[in-house]
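K.L.:
Take these sequences, add in the hints, and give me the full structure.
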Amino acid sequence: MVLLQAKKIFTILVLVDEAWAIANLIRQDNISDVDLPLSRKGSIGNDDYNVLVSVKTGKEFPSFATWPKEASVKAFLKEQWVVQAPVLDCFGKHISLDSKCPLALIESFTEAKRGGSGLVHKCRVHAAHQTIFELNTEPYIAIKEVNIEQTFEKERENLRLIQGLDHKHLIKLIATCQKGQIFYFMFPWANGGDLRDFWKRNDPRPRTPALFLWSLRQMLGIVSAIKALHGKNIRHGDIKPQNILHFLEGRGENNDEEGVLVIADVGISRLHREITSMRNAPTNSNESTISYEAPEAQSDQREGKPRPRRYDMWSLGCMFLEFTVWLVHDYNAVRSFRWCRISRDEPTTTPGNFFTRKSESSVQIHSAVNDAIKHLRSNQLCKGDTALGDLIQLIEEDLLQTEALKRAEAPELFDRLEKIVSAAEDTPGYMGRQTDPPSAIPEFFNRSGPRHNSASGARRPSLRVD
Numbered sequence: 001m002v003l004l005q006a007k008k009i010f011t012i013l014v015l016v017d018e019a020w021a022i023a024n025l026i027r028q029d030n031i032s033d034v035d036l037p038l039s040r041k042g043s044i045g046n047d048d049y050n051v052l053v054s055v056k057t058g059k060e061f062p063s064f065a066t067w068p069k070e071a072s073v074k075a076f077l078k079e080q081w082v083v084q085a086p087v088l089d090c091f092g093k094h095i096s097l098d099s100k101c102p103l104a105l106i107e108s109f110t111e112a113k114r115g116g117s118g119l120v121h122k123c124r125v126h127a128a129h130q131t132i133f134e135l136n137t138e139p140y141i142a143i144k145e146v147n148i149e150q151t152f153e154k155e156r157e158n159l160r161l162i163q164g165l166d167h168k169h170l171i172k173l174i175a176t177c178q179k180g181q182i183f184y185f186m187f188p189w190a191n192g193g194d195l196r197d198f199w200k201r202n203d204p205r206p207r208t209p210a211l212f213l214w215s216l217r218q219m220l221g222i223v224s225a226i227k228a229l230h231g232k233n234i235r236h237g238d239i240k241p242q243n244i245l246h247f248l249e250g251r252g253e254n255n256d257e258e259g260v261l262v263i264a265d266v267g268i269s270r271l272h273r274e275i276t277s278m279r280n281a282p283t284n285s286n287e288s289t290i291s292y293e294a295p296e297a298q299s300d301q302r303e304g305k306p307r308p309r310r311y312d313m314w315s316l317g318c319m320f321l322e323f324t325v326w327l328v329h330d331y332n333a334v335r336s337f338r339w340c341r342i343s344r345d346e347p348t349t350t351p352g353n354f355f356t357r358k359s360e361s362s363v364q365i366h367s368a369v370n371d372a373i374k375h376l377r378s379n380q381l382c383k384g385d386t387a388l389g390d391l392i393q394l395i396e397e398d399l400l401q402t403e404a405l406k407r408a409e410a411p412e413l414f415d416r417l418e419k420i421v422s423a424a425e426d427t428p429g430y431m432g433r434q435t436d437p438p439s440a441i442p443e444f445f446n447r448s449g450p451r452h453n454s455a456s457g458a459r460r461p462s463l464r465v466d
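Heads up: the sequence shown is residues 1 to 466, going by our numbering.
Treat each hint with caution, since some may be false.
[Unchecked claim] Label-pair restraints from in silico Cβ distances:
(1) SER362 / LEU119: 34 to 44 Å
(2) ARG205 / VAL34: 52 to 62 Å
(3) GLU134 / GLU418: 23 to 33 Å
(4) GLY193 / SER439: 49 to 59 Å
(5) SER343 / GLU134: 43 to 53 Å
(6) ASN233 / GLN150: 53 to 63 Å
(7) PRO347 / ARG201: 48 to 58 Å
[Unchecked claim] Distance condition first, Cα-Cα at most 27 Å in a straight line; then the derived BS3-like pairs of lysine-lysine:
(8) LYS41 / LYS122
(9) LYS172 / LYS200
(10) LYS41 / LYS179
These are computed hints drawn from the structure, not numbers from a lab. All residues carry an ideal CB built from backbone N, CA and C; glycine is no exception.
P.N.:
Dropping the structure here:
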């Protein structure tokens, strides 16, 4: 009977040295694990103070009042929370917990990262309290902590909408949780960091056809995810390398050796944007977010307009251009490209943007962006009928357009990028061949200033088209 209905009850009794009481609780009170948690029926000093009741059903258990030691009843109420930790058995569930109930975490990093609207902790889940990760029975997860219920509910609703898409390149929500007055979102932990971490970590690697093809496939996957979001009338609004997570293990049946890039923070900052839209300038926004803002961002904020779908297209163009710079050169070239944009900025332009604004009506592509594209096109990897050459053309013609209506929408972008990926898969020579040593990095991509030190000081081999 204990094994069938009261394993948790018996565990608590053992913890408080009252295992003998299990017989009366089952026979007289018909207690079971589903009755947990329990609380006192009466207030202190009353006869029914030590009579416990189920918080869920109100069912009473008078046997507790017969215990010889009143302290044991108090200990039972305290220790019962140990066995109430939830089990993560499916994606997307909502868990409501008492403030005294723990989460089954066997490791938690106290040095948390602050996300768009809350703290993000890296934690490890006890193997007995999860069934959704098969390869790693004690996985790390990311737990985002939010203290404002309104923020939580807005993010929860947006995440609920995207979970129905079940897309390989969109972050998967494990669960939401309310514990007292604190709210949590639980996501898989990206063990490869974000896209910038990927660039830094893989700087010394040879630029092989396999790496190029994987990168193009991941770009296509990201566009596919944005296409799915836009199809549900959801705008991301904050696309940048820091919001692209790298999962080292593949997701789905066709696992990629390099892992998978996944879009995170979908709709995370919506409430923040609603607040900042009433300001004349986004002075409290993150610097890296501003770098990828579309030209219409500030005017839309002042007028209280929502960010349109083509806003995401501009941000994709910025990120894909940096991705191309990294593929052709290295992460220091990405940093130098940013330094060039900042050093040539107009006083009225936010540092690091991909456009310049001389006046409200005069917006143009940043001269450093034009120079970057020119230098890339002069590289053997990007000349003629090549995958990267076609990618740069797509970025320039379909994404980095200062007029929003001239940018491609997600379905159109997906179709064009899919053609590039298909050609890369099927056409010999389209991805180039490996050469050593690689071509020299132009001064434009090799400026002085703070430098990133890759794992290896040696230049890695590059690809070259015959």
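K.L.:
What hint numbers does the structure not satisfy?
P.N.:
4, 6, 7 and 8
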